[in-house]
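Undergrad: Sequence:
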Amino acid sequence: MAPHPVIQAIIDFSAGAAGGTACVLSGQPFDTAKVKMQTFPTMYRGFIHCFISTFRQVGLRGLYKGTTPALIANIAENAVLFLSYGLCQDAVRFMSRMDKGADLSDLQKASAGSLASIFSAMALCPTELVKCRLQAMHEMEASGKVARGQKSTVWTVVKTVLKTDGPLGFYQGLTSTFVRELPGYFCFFGAYEWCRSTFARHMGTSKDGIGILPLMFSGGFAGGCLWLVVYPIDCIKSRIQVYSLAGRQEGFIKTFMGVIRTEGFTALYSGLTPTMVRTFPANGALFLAYEFSRKLMMDAAGA
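The sequence shown maps to residues 955 to 1257 in the working numbering.
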């Protein structure tokens, strides 16, 4: 028997939060390298150089810079995302004139995931702005875009945003976030469900019975598909959020065209290597934590 809608919403929210926590803890150093290479592509020769340079300059803590806002961002994003994902699946059933609780196709689930990303983007944007600024603060100082010697903590970044731009300053890069999330999460949930369906078909079992490794592979494959599709958009979002520390930035289209004109199309893929290295363990951990915590809570609720 399906649990009460409120209980179901709490379960989806909590399982999403568990998945977001697992994702950050397993992939934060790679995310730090990604943001540094996106915003300062000429400063590093590649992923390994960025990794080693950061370690030499500021130690291991430099690779975990921005972990607190990253945790807040991912917990908020994934909690809202998976809560909305469940509700959006009901919306897709309604629009498709299906019975409540009826199984959706992989394509319908991908559509529900894309719709859910609208809500998660609102929760993600402010905390991701703080995270990106913390991660790239050393490069901003080294390039002369901001004065050296600034304290870089979560609180100092929050105070700076509030002082210079007010509360709406936390939503710099929101358009880019929307542009990234809508197609990204269509691919993310579509690839995840398709991969699980493929494993289930070949193993002669249900999606829920494919086991840990196929589940983690499906999550990693989903993350890889997402990033290959949206990476240039994410690069522009990171630049807007980081460079806005030095003053108001142009919008998404002007920033995009400016990068193409001055640095070339390949600059939009700076940092792709650490992103792809990170995506399998991080997204594998995300879906493993989500699916298992959700199953535990559903069993406890008698569903």
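Warning: the hint list may mix true and false statements.
With a straight-line cut-off of 20 Å between C-alpha atoms, the simulated EDC-like cross-links for lysine to aspartate or glutamate are [claimed, not checked]:
hint, residue 1, residue 2
1, Lys1249, Asp1119
2, Lys1099, Asp1253
3, Lys1113, Glu1095
4, Lys1099, Asp1119
5, Lys1099, Glu1217
6, Lys1054, Asp1044
7, Lys1161, Glu1093
8, Lys1161, Glu1095
9, Lys1161, Glu1217
10, Lys1249, Asp1057
If you are wondering where the hints come from, they were derived from the structure by calculation, not from laboratory data.
Undergrad: Evaluate each hint against the coordinates.
TA: Hint check:
At roughly 43 Å between alpha-carbon atoms, Lys1249 and Asp1119 are farther apart than 20 Å, so this suggested pair is violated. Our distance criterion of 20 Å between C-alpha atoms is broken by Lys1099 and Asp1253, whose separation comes to about 53 Å. Of the pairs offered as hints, the one joining Lys1113 and Glu1095 holds, with about 18 Å between alpha carbons and a cut-off of 20 Å not exceeded. This hinted pair checks out: Lys1099 and Asp1119 have alpha carbons roughly 18 Å apart, not beyond 20 Å.
A distance of roughly 18 Å separates the Cα atoms of Lys1099 and Glu1217; the hinted pair therefore holds under the 20 Å criterion. Taken as a hint, the Lys1054 and Asp1044 pair is honoured in the structure, with Cα atoms around 7 Å apart against an allowance of 20 Å. Distance hint between Lys1161 and Glu1093 is unfulfilled; the C-alpha atoms sit about 45 Å from each other, more than 20 Å. At roughly 49 Å between alpha-carbon atoms, Lys1161 and Glu1095 are farther apart than 20 Å, so this suggested pair is violated.
Restraint check: the Cα-Cα separation between Lys1161 and Glu1217 comes to about 45 Å, which exceeds 20 Å; the hinted pair is violated. Restraint check for Lys1249 and Asp1057: the C-alpha separation of about 17 Å stays at or below 20 Å, so the hint holds.
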